[in-house]
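Numbering-wise (the UniProt record's numbering), the sequence shown opens with residue 1 and increments by one.
Be careful, since some hints might not be right.
Claimed, not checked - The calculated label-pair distances, taken between Cβ atoms and stated as ranges, are:
no., residue 1, residue 2, range
1, 197, 54, 26 to 34 angstroms
2, 54, 98, 44 to 52 angstroms
3, 185, 85, 28 to 36 angstroms
4, 55, 129, 14 to 22 angstroms
Hints in this document: simulated from the structure, not taken from any laboratory. Glycine is no exception: its CB is placed at the ideal position from the N, C-alpha and C atoms.
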Amino acid sequence: YDERVPKISESGKGFGYKSKFRKHMRTHSREKSFLCKECDKSFSFSFRQTSHLKSHMRTHTGQKPFSCKECDKSFSCVTTLKIHMRTHSGKKLCKNSFNQMSGLKSHERIHTGERPFSCKECKKSFSKTSNLKTHMRIHTGEKPFSCKKCDKGFSDSSGLKKHLRTHAREKPFPCKECNKRFSQNCSLKRHMRTHTGEKPFPCKECDESFIEISDLKRHIRTHNSQRLSTWKNGVLLQ
Numbered sequence: 001y002d003e004r005v006p007k008i009s010e011s012g013k014g015f016g017y018k019s020k021f022r023k024h025m026r027t028h029s030r031e032k033s034f035l036c037k038e039c040d041k042s043f044s045f046s047f048r049q050t051s052h053l054k055s056h057m058r059t060h061t062g063q064k065p066f067s068c069k070e071c072d073k074s075f076s077c078v079t080t081l082k083i084h085m086r087t088h089s090g091k092k093l094c095k096n097s098f099n100q101m102s103g104l105k106s107h108e109r110i111h112t113g114e115r116p117f118s119c120k121e122c123k124k125s126f127s128k129t130s131n132l133k134t135h136m137r138i139h140t141g142e143k144p145f146s147c148k149k150c151d152k153g154f155s156d157s158s159g160l161k162k163h164l165r166t167h168a169r170e171k172p173f174p175c176k177e178c179n180k181r182f183s184q185n186c187s188l189k190r191h192m193r194t195h196t197g198e199k200p201f202p203c204k205e206c207d208e209s210f211i212e213i214s215d216l217k218r219h220i221r222t223h224n225s226q227r228l229s230t231w232k233n234g235v236l237l238q
């Protein structure tokens, strides 16, 4: 339905339909856009949006270039194919729903494993721009979340929340094996190794393994000091 309402543009030109008026107004806008010829949907001038336009056009043409290798089904969008592939792999579909398409697409990356947002400083990639922004603070040193009770700053809100428990003496993570409680889940996980006997940090120089990485680092220094003691004035001692 295209409402017939007179519209006057910046140039004084009149239009009978809203759709024609919107198309004309794009000639005044500095923002270049790609317009679908079949409907009134437009896409901004960027590589990401041109790919969206191509995907959108398939809803009109019926083209489905992404085929499933396990069955005869085909799809117009590669993301839809990836979601479909979970029906063959046995992975369960979740029941989350979203008000906006952007929220759905961001959530779908959890299932597909797609990480399109890469850090320019290192090789890490992320499924959300917000996660990339938080990660970038490691490189910039930015700590916008400050504790009001002391001078400590944190790169993300979760780090601040964990820290605040130390002031409140809040310990929401209990050990099921003993009566100890912890302010952080990671502290509980480290503690649980004392019960399970797990030692996930092995030494590459010998057969020793350790519960915490800090213990491994201290142990490695013993190997380094042994190597240094075998040399004196640049001569290898026998």
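Evaluation of the provided hints:
Checking the proposed 26 to 34 angstroms range against residue 197 and residue 54 shows it is violated: the Cβ atoms sit about 55 angstroms from each other. A hinted range of 44 to 52 angstroms is violated for the C-beta pair residue 54 and residue 98, which are about 23 angstroms apart. Separation of residue 185 from residue 85 is about 32 angstroms and conforms to the stated range, judged on CB atoms against 28 to 36 angstroms. Evaluation of the 14 to 22 angstroms hint for residue 55 and residue 129 yields a pass: the beta carbon distance comes to about 20 angstroms.
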